[in-house]
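Chemist: Residues per chain are reported as follows:
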Amino acid sequence: MPSRFTGNDLVCIRGEKTVFEGLSFSIGESDAIVLRGPNGSGKSTLLRLMAGLLRPDSGVLTWNELDISQDIHTHGANIHYVGHQDAIKPLLTVAENLSFAASLKASAFNLRNALEVFALIDLADLPVRLLSAGQRRRLALSRLVASQAPLWLLDEPTVSLDEGAVTMLLSAIAAHRAGGGMVVAAVHGPLNLQDASEFDVDTFAPTGSVGFEDMSI
Amino acid sequence: MTRALIQILRRDLRLALRQGSDVAVLVMFFVITVSLFPFAVGPEPVILARIAAGVIWVTALLATMLSLDRLFQSDFDDGSLDLLVTSSPPLEFIVLAKVAAHWLVAGLPLIVAAPFLAVALRLPADGYLILIAVMAIGTPTLSLIGAIGAALTLGARRSGVLVSLLVLPLFIPVLVFGVAAIDAGISGLAVRPHLLILGAMLIATLPLAPWAAATALRQSLT
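Protein sequences appear in the order of chains A and B.
Taking this note's numbering, the leading residue of the first sequence gets 1, the next gets one more, and so forth.
Taking this note's numbering, the leading residue of the second sequence gets 1, the next gets one more, and so forth.
Just so you know, not all the hints are guaranteed correct.
What the hints assert, rightly or not - Counterexamples of contact, computed for chain B against chain A with all Cβ distances above 10 Å: (1) Gly42; (2) Gln73; (3) Val105; (4) Val119; (5) Pro193; (6) Leu202; (7) Ile203.
To be verified - One-sided and incomplete, this derived list gives chain B residues near chain A with beta-carbon spacing under 8 Å: (8) Arg3; (9) Arg14; (10) Asp78; (11) Gly79; (12) Ser88; (13) Pro90; (14) Leu221.
Since the hints were made in silico from the structure, they are not lab data.
Ideal Cβ positions, reconstructed from N, Cα and C, are used throughout, including at glycine.
Could you put the whole structure together from the sequences, leaning on the hints where they help?
Modeler: Structural data, given as structure tokens:
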């Protein structure tokens, strides 16, 4: 059965402010959605909702018709979320960081492949504290490949990446979608995903309100 | 799922060992604080022997409390908690794995150091085995209860102070029965009831504390 992930009539209130309301989306196999909108329109918040890290104040998110809040751990295996923070430990090596993250999701994973996709193979045994910001970012992104999750949730994935690394990311996304994977990415700059639908979160802002702070933590 | 939990345990142990100074500082704190007491109350062997069990236990509580901040704080700060919450094992079991790792690096060294400090405080010979036994049963309970406090105070300002206010009162039952068991052993009374009560506390906190801490962790992410 082809997978489908949908959100229906979502409302999210942070603090006293409504970030967005009446937001619905649907994503199927091989689809990609690029989230657009100014700072504070709720892109990060929407991604965290999709990841199951936040609960919507109203509305439901469903994976193949099943409400994800019913079984958040099964949902956790379906998604991999890369947020603003890289979630890597400076004291561990690149390979240790990657295999730890992968072992949380998948029962079997190809470490070497994930390292190769983001050209980290030569850095595998280095402690992460020696890496540059861009290399750390590549490590965080390489977990997507290792996690084997069908849905990738990317929050500003291109931050601190150079052109070469952006190309690696784009080809990883293309390979993922070719295998039936789904991608939702929030980006500010240009990110050329083929036949991705653009989704402007700002259109769901409550009327007459000012944008809310983008960061959800 | 078991494999993922073992990975979490191994990662936390590896992190603690590569940052070995953390463990050393904790043990040094334990040793130095206990050795302050002979200076404060005088070297009178009778007095020291009387207070030995209490001093060691109170200091063990304080040392455990000091080590709680590394249980979840760094995972919270660097975003690893997002990863853990969305991983396949239930968060309650993840908390349990992290508490086990915490106990191995923060509880076990205290148990090893305690008999040596007991010598310095002239604890009577009958008390040593009981001291080790009650600490072996009591310190896991401290780590478990501490996990609730550590999870509740994530993201709070001055969380170190807050965690002590939350957690120290909850440590009192362990303190009472931990000291009472040693006192009973020294004076030739039955030790078993005290050990059973400490065991009961451990068994009760084993499922309840991870559940409470996991709920607090989920709350901290919103």
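Chemist: For each hint, tell me whether it holds in the structure or not.
Modeler: Structure-based check of all given hints:
| no. | hint | result |
| --- | --- | --- |
| 1 | Gly42 | 45 Å, holds |
| 2 | Gln73 | 13 Å, holds |
| 3 | Val105 | 14 Å, holds |
| 4 | Val119 | 35 Å, holds |
| 5 | Pro193 | 41 Å, holds |
| 6 | Leu202 | 27 Å, holds |
| 7 | Ile203 | 25 Å, holds |
| 8 | Arg3 | 6 Å, holds |
| 9 | Arg14 | 7 Å, holds |
| 10 | Asp78 | 6 Å, holds |
| 11 | Gly79 | 3 Å, holds |
| 12 | Ser88 | 5 Å, holds |
| 13 | Pro90 | 6 Å, holds |
| 14 | Leu221 | 5 Å, holds |
This entry satisfies every hint, going by the numbered hints stated previously.
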